[in-house]
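Those protein sequences? They're chains F and E, same order as listed. Each residue of the first sequence is one higher than the one before, starting from 1 at the first, in our numbering. Each residue of the second sequence is one higher than the one before, starting from 179 at the first, in our numbering.
It is possible that part of the hints are untrue.
In silico lysine to aspartate or glutamate, EDC-like type, Cα no more than 16 angstroms apart, as pairs [what the hints assert, rightly or not]:
1) K416/E / D60/F
2) K5/F / D60/F
3) K416/E / D144/F
4) K114/F / D151/F
5) K114/F / E134/F
Everything labelled a hint here was simulated from the structure, so no lab data went into it. In this text, all values refer to a predicted model and were calculated from it rather than measured experimentally.
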Amino acid sequence: MTEYKILFTGPMGAGKTTAIGAVSETPPVITDVANTDPGHGKPRTTVGLDFGQLTLATGDRVRLFGTPGQVRFDFLWQILVRNALGLIVLCDNSRPDPLADLRVYLEGFAAELKELPCVIGVGRLPGHPAPGLEDYADELARHDLVLPVLDVDVRRRADVTLLIDTLLAQIEASLYGE
Amino acid sequence: MPQFKLGVHELPAAEVVLVRTLMRLFAQDRPSRWVIADAPPYDAVLVDGCRADTPPEHLRRLCPHVLRLTRINADPAPDALARPLRADRLLQWLDGVASGVARDTAPAPASAPLTAPSTPAAEPPRPEPELPADAPRLSLRRWPRAAVLRDNPQRVRMATLLSRRALNAHDLRRLTGLPASECLAFMRLLQSADLLVAPPAAPPAAPAPAATPATATAQPPSKARPSFTQGLISSFRKRLGL
């Protein structure tokens, strides 16, 4: 049995815990505590990492890890991303500067993003249409990256499934012709 | 893509032209493809509801799916569409009929015998284009706009593949299993939007470096990652219900 890993990252409140819960076959292990940060309205926030899993028919397991959102935990990101199959960056379009948030993760994972499959999921777009998906694509282009950018609601399993499927498609493209 | 036949009965000539144009315009982007048929059998038929309140009996025998185009502000009815003709509502009705026809495998009821089978089509399907395997390979220059992808998961998948690697339509068909026409149409759409770019020419082969301990650290990151085969990808998709 082999274990694989998919990493969910993004700012606090973007929906990492919710996304993992939407697809995990087991109730996700959640390491959250009461939120004492007055800048965010969430009652609780992740301080360790969230953990879910999917077992394939082959018996192999795919672990779903969610990073803590605050930048002060970025030392964990480099540890968690090692040997990951792919990275899902969840952005919250209701935050004051979502593109600045995206930059944090593009720069934080810059070395890995040269090879690692990655998809950007933008949440809360219907209620907060600016910046638009094209602005995210422009931001990626400024970092010399061409990555899928999708409008998602991580409370919907189908949307989280689509995010994972785009990672799989990127792996498929890498394997093609080998 | 399944193909269905749409008949028109006693519609004004201008309206027939409009409907024919709409069918051609949306031929690529719908889950089902409708063509105007000059003669039965039909899968659906449009009639001028202003000339008769109910479709003629022979039409009912020919086709169970009849849509009446009625006057402006007419009372709504499930089998009626008020003028002026709205493309989105017409297409919505046609998609619903197509889904029903695709599901319906039961024989027609004896009280309304059909003169022709309700499944498509006396008209032969358009042959799929040939896709040369050695066509130029292109990759995405940037992620396409939402208007190009239209929330279509198949387009998202094709765009994702092209974001990762330079491919041609032949490659897309092999990777996705989608019809050649869809793969080719999408590549053309991306090209018309100036979203595709040829990969840079490969540099001339450099002489092999001398074997030194330093070269052992020059492995590309992907070699350190766990290998994930096509079989595992299929297994993963199945697990997700895709």
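Hints numbered earlier in the text: which of these fail when held up against the supplied structure? 3, 4 and 5
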